[in-house]
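The hints should help you fit chains B and L onto chain P, whose structure is shown.
Residue numbers (the working numbering), protein chains in the order written: chain P, 1 to 557; chain B, 1 to 315; chain L, 1 to 329.
Hints are computed from structural coordinates only; laboratory data are not their basis.
Keep in mind the model is a prediction, meaning the values are calculated, not measured.
Some hints could be false.
Partner residues aside, some chain P positions facing chain B, computed with beta carbon under 7 Å [unchecked claim]:
hint, residue
1, H105
2, R144
3, M245
4, D266
5, S324
6, D332
7, T398
8, I420
Yeah, the Cβ is synthetic: ideal placement off N, Cα and C, and Gly gets one too.
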Amino acid sequence: MLSAMPHQRRLALVLAMLVLGSTACQRAGSCTGAYCGTLVFGVVGEPDILLPPSTQEGVSRDIEEQLFLKLADIGLSTNTIGDEDFQPLLAERWEWDGPLTLVFHLDPRARWQDGQPVTASDVAFTFDAYTDSLVASPYRAALRRVASVTARDPQTAVFRFREKYPEMFYDAVYHMRVLPAHLLRGTPRDQWKTAPFGRQPLGDGPYRFVSWKAGQSLELVADSTFFLGRPAIRRLIWRFTPDIMVATTQLVADQADGHDQLVTPDNIARAAAAPQLTIYPYRGATYGYMGFNLAANGDTTQPHPIFGDRDVRRALTMAVDRASLLKSVFGDYAKVPPGPVSQLWWIWDPEMRQLPYDTTRAKWTLSSHGWRDSDKDGIRDRDGQPLAFHLLVSSVSTIRKTYARLIQEQLRQVGVQMEIDEVDNSVVAERLAAGKFDAVMLAWQTDPTPSSGVPQVWTRGGFGRSNYLRYDNPAFDALVEKATSAATRAQARVAWRGAIETVNADAPAIFLFATDNVAAFHKRVADVRIRPDSWAALVRTWRIPPDRLIDRDRVER
Amino acid sequence: MTLPAWFALLVAFALATWVVRDVRRRTARHEAGRRFFRHPTAAWGIGVLAFFVVVAVAAPLVTSYDPRAQLDIVHLKNQAPSWSNILGTDVYSRDLWSRVAFGARVSLIVGALGMLVAVTVGTLVGAVAGYYRHWVDAVLMRGVDVGLALPRIFVLLIAIALFGQLPLTALVLAIGLTSWFGTSRLVRAEVLSVRERDFVAAARAVGAGPGRVIFRHVLPNAAAPIIVSAALGIGNVLLLEAALSFLGIGVASPTPSWGNMIADGAPYLASAPWTTLFPGLAIALVVMALNAVGDALRDALDPRQEEREERGRTT
Amino acid sequence: MTAWLVRRVAASIAIVFLVVTLTFILMDVAPGKPMLGPTERLVDPQAEAILNRQFGLEGPIDVRYVSYLRELVHGNLGLSFGLRRPVADALADAIPNTLLLAGAALLIDFLIGLALGVYQALRVHRIPDVVLGNVTLFLYSVPTFWLGLILLLVFGEWLGWFPVAGMSDPILCPTVSSFYCAMDRLWHLALPALTLGFVGAAGTARFQRAAMLEVAGQDYIRTARAKGASERRVVLRHQLRNALLSFITLFGLAFPFLLTGAVLIETIFAWPGMGRLATDAILRRDFPVVNAAVLLASTMVVVGNLVADVLLAIADPRLRVRSGGGEPA
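Bound conformation, chain P alone:
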């Protein structure tokens, strides 16, 4: 008789074998001592290309931190002004030769991983590539004030600037990772965007590239001859997942050792409850807001019928309970920003003047401007037009979608109807660029300094770039100009404060959140230091004490 039983029994057998096989067959290796250790980072997303000037994705940057060195890097303080807080890397020292000339002396021990020395001509080549329009690097604009980079001799690279300003040194070192000229010279510049080198990189950093399995994982191994000291952790593995919940589940299930941004209180609580994990909060680089298009939807020459009115924008801002929203979405791990400011920036100051949460005043302002609910449908109207608009939100961001829906309900309470357009990123980007939207939910991941982001997003100079809201206030622009060119931090601080408070008063946006990032790493890892602008920058100094090694650390390869 044909029966289903044999199949079921066989299936059960196979399953049992699988479960047993997966545990019984793990053979522990024999690595012992200070230089063992395997760390698995679960990350959301996957690198695009590991060729620094062409890279766009955050994951790629984290991996490039291990592969390619900068001349010098920002310190734990993330101070971008002057050069005193910067740490030497490829350059062992530097000096100023006049106000516009900066001379770097390379560390003679520095080697590419194929044995070639790192030379000043590599540095000159790197600058040439980063600023070549054919490479179309996203960092090109940041280097516009560097006039030239030349090699004085194999150990000495000379930077010449077009003008003197407080963040010259930051611009010289922060954006560029030095590239191996001898390996890249043969690749035509217009093919760098998809160069095979970017999937099989060779650098001068503490780790060497081993393998990259598309959609799965990427492995690096420590370079035991690294000139700044052998990294203590031998293997680094990046494990790719499509979303943060799965990444957290992997972490909690001990199938990964760490994750850099848990984002929601839900994930943080789960990681905190896992016995093998330690939580590391650090200052976040992101701020988010709901922005109002000051120009008419689809027509940048006309003011927006609702948001063109400063008082209406102020009223809407006052109608939103930002503290409760924050608590609901982020729990204790984020702050209401005092304007368009991320916690990473030194200008962060909770004392900056902002609009209060005051629904009474919000309602009163709306009524006094003629927005009343004359037809008793719950929605305010004026001259037969309801107080209704569409909010553009990216469908891939859970945080922004959640905020949108919470705000939708809060605005409904004061008689404002907000429809949510949840669309793909590609549609968001297109409609933003074309000005085809009423309001938008946005978040920026910022550089360590406000002086690049703020002008691009909020001044008139940002029209056609990232100032999608077309916010335009000459007084604000003047203050930003003053702040970015101020010689001292004290002067800059005053100017920045004035500028931010001007934006707050004009209310082109409701500033909703500035993230605290929360990372979780396995508790066996010691000396975990996280630099807020780039969590992976200091991984080469982390270690696993020999007495805390676990099976996966001892694996031989």
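Just chains B and L now, kept in the frame of chain P:
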């Protein structure tokens, strides 16, 4: 949940039971009706469907909260089921039972209308192809092949990308217009066999036009498989809506649909599984009921038809 | 037979061509611009314009379409700007993964489905049939991705029996034995394959049961019984063999189900296959990848149908007469 809501829910149960009894009584006179209820899960299926329809219609009565209302976004989000929120709350602190009940409206309407579009288009194309045969048939059926050759979820993703954000009607149309291929093949095959029978030939002989012949003579005789495939198809549309919403391109918030409820809940699967579990169960129950009723209908109306057309589900 | 086959193949090629053209046009008309990088970073319109030009995303659609077809004929699928690599390379990575998942799911689908269907048909209207009937009805009715989520929650998160995502263990697999790696791959495969397989098996079982019962009612089976053939022989030689005929059709039809069903399942279980590749590409407007994925998917569907038709034609010569349509029976 307030007492009146509990009471209304009880009434809904009672109503569903009564509907089953009533349908059984009314159909008992016909052979087909008796065959229908001989199917073991038919009565159960009718009952479940009746219950959800009643709940959908009387949604404000059987629930105690506005499905859009965020009760307390700080303290009441992702609450486990309790006496005040019998199915718990979601991440926006909305009452899950209210959303399931109101979501029934949207989901059932999308399912029914989507299927209506699909069956109408599929029947017309199939009838025309089968009636005219030759090159009309060849062209139409190659078109159907193209439709079947494209993975439907890709087609819908691309089609929906065309709109950016979909209004409900567009969603129904998009689903309907990509779901008719199977029906059209079915109808074509049926028409091909019916058109050769005597009464059709007779109708043509007395000079009836093609429209009249198709609608008055051919289609009524091919009705059974169409009805059955429609009943089974609603379930597929429901599943499709859920899949689309899960990808973030279905029914737009804050309007609840079972699909977008699963999508809302999925990021919190580990900490608040009920937000994913209950809407999924609702879908499963209704689709099960539809399949049960479809099976029974087939037994009743068209005992010879095979289950082949059931395959080709997309989700 | 040959003429029929030639006609069928020609029609198949025409269908694939139409589908590809349609996709090309649809993707072009769709709103949204190609996403070259993450949205949370400042944009440089100049750099973006240069990249757009380099990736061939500018210019009138007819010019791009012609050059696309020209490249396609030469076997060049283009460059993906989202993945920063040739589309062919990306496909070469993803296809084996999808085939593995689809193959495993198909195996589960047909083994369990066939067995259950036959078993139910033999016990028709008795308790095992009724119980299994309800189980298959339930599995047939749940949203596949929802079932995947629930299995993930129960067996991955709560019980910890299976990994929650990915398709291999990156720590041990490359360093220890290949036997370990094979077991590890199966272990990672279990949840997504079972999700797809169970749902498929439910449909297959229902189909197989109905097919067996229909055949059981036909004359030649009665004749066989009357001639005193043993029950086992009747079932094996006649009922099963005939039911298998229609089953071949199912096999052809199962390909699209697995390819498209896998879209959501691949996303949920982080399985780096075609479904995820295509969905991501559609969302990013990564046209070359979308075109290639649709080309591939439609080819597979068409080939699946073709093979099923050919098998049927070989198995049952009567069907060849009615060969005009793509649909046997």
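Hints and how they fare:
The closest approach between the C-beta of H105 of chain P and any C-beta of chain B is roughly 51 Å, which is over the 7 Å cut-off, so the hint fails. Hint status for R144 of chain P relative to chain B: violated, with the closest Cβ pair at about 35 Å, above 7 Å. The restraint placing M245 of chain P at the interface with chain B holds, with a minimum CB-CB distance near 5 Å, inside the 7 Å limit. Evaluation of the D266 of chain P hint against chain B yields a held restraint, the C-beta minimum of about 5 Å falling below 7 Å.
Of the supplied interface hints, the one on S324 of chain P holds, with its beta-carbon coming within about 6 Å of a beta-carbon of chain B, less than 7 Å. Hint status for D332 of chain P: violated, given a least beta-carbon distance of 11 Å to chain B, over 7 Å. Against a cut-off of 7 Å between C-beta atoms, the interface hint on T398 of chain P holds, since the closest Cβ of chain B lies about 5 Å away. The interface hint given for I420 of chain P holds, since its Cβ lies 6 Å from the closest Cβ of chain B, which is under the 7 Å cut-off.
In this structure, the hints that do not hold are numbers 1, 2, 6, in rising order.
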